[in-house]
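Chains A, B and C, in that order, are what the protein sequence lines are. To convert, note that position 121 of the first sequence is 121 in the working numbering; the numbers rise steadily by one, no gaps. To convert, note that position 281 of the second sequence is 405 in the working numbering; the numbers rise steadily by one, no gaps. To convert, note that position 417 of the third sequence is 1063 in the working numbering; the numbers rise steadily by one, no gaps.
Certain hints may be false.
[To be verified] Ranges of calculated distance between the beta carbons of each label pair, as one might list FRET restraints:
hint: 1; chain 1: C; residue 1: Glu846; chain 2: A; residue 2: Asp18; range: 35 to 41 Å
hint: 2; chain 1: B; residue 1: Gly546; chain 2: A; residue 2: Glu83; range: 28 to 34 Å
hint: 3; chain 1: C; residue 1: Asp1048; chain 2: B; residue 2: Thr146; range: 56 to 62 Å
Simulated from the structure, these hints should not be mistaken for lab results. C-beta: ideal position from N, C-alpha, C; glycine also.
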Amino acid sequence: MSETRYTDQHEWVRLEGDSATIGITKFAAEQLGDVVYVELPAKGKAVKAGAEAAVVESVKAASEVYAPVGGEVTGANDALSTEPSKVNDDPEGAGWFFKLKLADATEFSKLMDAAEYAEFTKGL
Amino acid sequence: MSLNNQGRPTSAGYAGTGAIATISGDRGLDHEEPLIFELAHGAVGVDFPDVKVSDERLGGMRRKGVIGLPGISEPEAVRHYVRLSRMNYAIDAGLYPLGSCTMKHNPRLNEKMARLPGFGDLHPLAPTAATQGALALISELMKWLTTLTGMPAVAMSPKAGAHGELCGLLAIRAALQARGDGHRTRILVPESAHGTNPATAAFAGFTVDEVPAMPDGHVDADALEAKLGPDVAAIMLTNPNTCGLFEPRVKEMADAVHKAGGYFYCDGANFNAIAGKVRPGDLGIDAMHINLHKTFSTPHGGGGPGAGPVVLSERLAPFAPLPLLVADANGFRLVEHREEAPASAKPFGRMCAFHGQMGMFVRALSYMLSHGRDGVRQSSEDAVLSANYILASLKDVMSAPFGDGPCMHEALFDDSFLEGSGVTTLDFAKAMIDEGYHPMTMYFPLVVHGAMLIEPTESESRESLDCFIHVLRELALEAKAGKTERFDGAPRLAPRRRLDETLAARKPVLRWKPPPLREAAE
Amino acid sequence: MRYHPLTAEDHRAMLAKIGTPDIDALFRDVPQGALAPLSAFDLPDTQGEMEVERALSRMAAKNIASGSAPSFCGAGAYKHHVPASVDHLIQRSEFLTSYTPYQPEIAQGTLQYLFEFQTQVALLTGMEVANASLYDGSTATAEAVLMAQRVTKRGKAILSGGLHPHYAETVETVAALFGEMKRAPVTAGSAEDLIALIDEDTACVVVQSPDVYGLIRNLRPIADAAHAKGALLIAVVTEIVSLGLLEPPGAQEADIVAAEGQSIGNGLNFGGPYVGLFATREKFLRQMPGRLTGETVDAEGRRGFVLTLSTREQHIRREKATSNICTNSGLCTLAFTIHMTLLGEEGLSRLARLNHAKAVALADRLTKLKDVELVTPAFFNEFTLRLPKPAAAVVDALALKDILAGVPASRLGGAEDLLIVAATETTTDDDMAALEAGLAEVLS
Chain A
1 MSETRYTDQH EWVRLEGDSA TIGITKFAAE QLGDVVYVEL PAKGKAVKAG AEAAVVESVK
61 AASEVYAPVG GEVTGANDAL STEPSKVNDD PEGAGWFFKL KLADATEFSK LMDAAEYAEF
121 TKGL
Chain B
125 MSLNNQGRPT SAGYAGTGAI ATISGDRGLD HEEPLIFELA HGAVGVDFPD VKVSDERLGG
185 MRRKGVIGLP GISEPEAVRH YVRLSRMNYA IDAGLYPLGS CTMKHNPRLN EKMARLPGFG
245 DLHPLAPTAA TQGALALISE LMKWLTTLTG MPAVAMSPKA GAHGELCGLL AIRAALQARG
305 DGHRTRILVP ESAHGTNPAT AAFAGFTVDE VPAMPDGHVD ADALEAKLGP DVAAIMLTNP
365 NTCGLFEPRV KEMADAVHKA GGYFYCDGAN FNAIAGKVRP GDLGIDAMHI NLHKTFSTPH
425 GGGGPGAGPV VLSERLAPFA PLPLLVADAN GFRLVEHREE APASAKPFGR MCAFHGQMGM
485 FVRALSYMLS HGRDGVRQSS EDAVLSANYI LASLKDVMSA PFGDGPCMHE ALFDDSFLEG
545 SGVTTLDFAK AMIDEGYHPM TMYFPLVVHG AMLIEPTESE SRESLDCFIH VLRELALEAK
605 AGKTERFDGA PRLAPRRRLD ETLAARKPVL RWKPPPLREA AE
Chain C
647 MRYHPLTAED HRAMLAKIGT PDIDALFRDV PQGALAPLSA FDLPDTQGEM EVERALSRMA
707 AKNIASGSAP SFCGAGAYKH HVPASVDHLI QRSEFLTSYT PYQPEIAQGT LQYLFEFQTQ
767 VALLTGMEVA NASLYDGSTA TAEAVLMAQR VTKRGKAILS GGLHPHYAET VETVAALFGE
827 MKRAPVTAGS AEDLIALIDE DTACVVVQSP DVYGLIRNLR PIADAAHAKG ALLIAVVTEI
887 VSLGLLEPPG AQEADIVAAE GQSIGNGLNF GGPYVGLFAT REKFLRQMPG RLTGETVDAE
947 GRRGFVLTLS TREQHIRREK ATSNICTNSG LCTLAFTIHM TLLGEEGLSR LARLNHAKAV
1007 ALADRLTKLK DVELVTPAFF NEFTLRLPKP AAAVVDALAL KDILAGVPAS RLGGAEDLLI
1067 VAATETTTDD DMAALEAGLA EVLS
């Protein structure tokens, strides 16, 4: 049973048990334009909620991606190194960035659900 | 994530081939040109005797394999590079309205002077007695730079503007450490600053604290002053700023940072607006780099070389890097070692090998001597006049966010006038290419949306300006009227259509590889 | 003034359009008192072309150009013959007066030659990828050390004593902020034991070959030792022609090559502008400083070139950039490319052999002089002599006879009795005879 929540920084988190998969939203991917490179965190790295965890690059810009929730990185989407286009094609599916073991479940529940996030992006 | 949406379209899109197909693939005077590696066939473009050498004194390090360099004859090489040159836009060919780049005319006298054997063929470590003319020239140039800026000293060795910024910040670091203030590591930088400013600050070991811009395009002086504190090392300002405006509260900000124990670094990229009219020294700066390849006409050369000497205040002068130029009864000499420096000198180190970009010094002095103080002043006035003429002529059809008042040597527009048209700043710029113009600086400064920064310089005639204005006017009107044909898929008349920058970044191919290797890699 | 197209009538018309009475009204934001009168500038007024030419020619005449006298100065800058077509081609308007190729559709000339240049540098150095040039060899070396610090996440750099002292100082000036800079002392003409100095804190070892005394070094053992401890080897080359005859750093397992390209296509110019070469392995690509040109296609499917991987650079990454560098060496890079194209494989090989042959002949001649000893056993086109008198005084005395005898090591902070002597393809038998006779006289 998984649940997906969103941040106002345009990251999504899908939680299954205590395993969180994180990526950037469709809205963000559209704003960025063609993604050419993604810098992902190393396995084992401990990240705090709100800290910089990854960098996503388009041709003309580099954007930081923040960890929506804190925890230990358990894996990263290595496919993105040869096919960064996955982030544009399927940002909320095959274009996921990294997974981590959630440290604090309350951090997840504070985030927006799909409806709230949709409302949020309307105003941007 | 920090949603940095400068990610505007970078793939090429589809475009049908509209041109007439020729047998050769060339079109009139436009020739397609392969790479030298594809032309190579074992010919040689030089004549040297085939001398045999023994391994005896090579320490066993003789090359074992071939290098793989292509060989072509001189006529083929000349044709190759001539054909390549014809695919380039250039100042000599047309107006280059690049804001903050100062694309003025590059006088050919400068080229002739730089090639005098006494300058061009002079070894940097030749004995001092053999280089007195060169040292005298550097001394003369230093006098021009310090006099024009109203500053007491100048460091000549930085090789470009960004290198000069680094020099200035390292001098500031050394000065702070010398007085026990090494804990001051914060530098205030406007959000409108050129990328080299924060990059240099980080390079020199400082942290960057951004100061916002005000709605009128000036830096928020109140915010800047509020950010001052005992941990501030310096402020870095560009004046005139990157929006093309003179900072009216610059003296106040200088006084404030000095009072707070910090220094004022000024980015001199826009010196062409005020050279010969305003002395940055009178505004309270501590250090400023001067881009000789902008203000003083040394050629841009397709991206370099530049030169970025840095003028320094009394408080920073002692920390100027090696080498130092000294004049005494015997003539000029260079102090190249800390131990030989006068007691008051505490150089922070060395920016590069040898003495600086002598080739650019000769060109810059040639420019200065030709212009004289009155000509330098005239250049600034004409540059400012031309930019304002463009602003006044276009602000009714394009949108100038700070167009209510005069600008300095460059005029800033944004993309509000294109709203709803489907045409972006990028499309607008690419359409200019079809009209025979190099686009203006786009998407910089970051403080306005879809920025278009236009700097005509003093080298354009009124007719040239009028033609430029007319084209921009018509393009703007067409875009606003929804007539987007000129913009769709532009440029269409340049040697290349829009290029796929996404592909270039996703699958970097940074060198030619011989076919078998290429296949193996795929 | 001949460079100003706007006339008084133009001024009138333009001011009228703008709606201001005079030009000073446009400077209204300048604080009162900061608008300086012309008299505030103690500088001469406009001069005609003739007068300027006369003034600068007089200054130029006070220098001894390398081509006008027997000249043996090296130590990081070398007198070579640059074919006439090189200087002619770089003065074409479209190369000389064009800007950085940010609008690739109208800059394919620049972008294509940069792509050719990047390939030539990679081939020469035996490395996988090269950038579109940095300012010069010394700043390229500094950038290499900074890059090694980033890649290894360590700070310490070991600098060989054979590294040109100006290069070492340049490195220390920027890299000491981020780690310990350890200079390994060396005896001129021999290689110091760098391997013993490498430890787990070492980011890189920096070795120049041929070194400042001319000694050809073997990099492979140092590379292996560095890699065993997780450090990088940075190879520095100040005389790029040497790669026409010697094993390249890439074949010796160097990780980064920082070199000076001045010898090819570029005159001595009293120290600048020169051209910094920078090459490395593909795996370090995203940590490379400087511009990069890449191949792509346009909307019609035709091959074209663009600046790429710009997100490393200052104008995008700002304070997180791999370097603050913006300008590259542009025209000097073009001169290098054209000259290297004219040389090709065979030409460069012959040029290199000729250089070595001249240096060997010169060394043999000079060591016949009493008390003159050759310190460098293996060299390319530059070697060091031990003289019975201080070398600086010898050089000054010979300069009065219009002979530029070489660079005294003391000029670079080295021993007083050492003279660094270079010979190139431009060195004639008469030049060598003049130096031999001159030295004999001054040393007697």
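**Outcome of range test on Cβ distance (B/Gly546, A/Glu83; 28 to 34 Å)** = This hint holds: roughly 30 Å between Cβ atoms.
**Message:** For the hint 35 to 41 Å, verify it against the beta carbon of C/Glu846 and that of A/Asp18.
**Reply:** Holds, at about 36 Å.
**Prompt:** Would you say the C-beta atoms of C/Asp1048 and B/Thr146 sit inside 56 to 62 Å of each other?
**Reply:** Cβ of C/Asp1048 to Cβ of B/Thr146: about 59 Å, so the range 56 to 62 Å holds.
Comparing the model with each numbered hint stated earlier shows that all of them hold.
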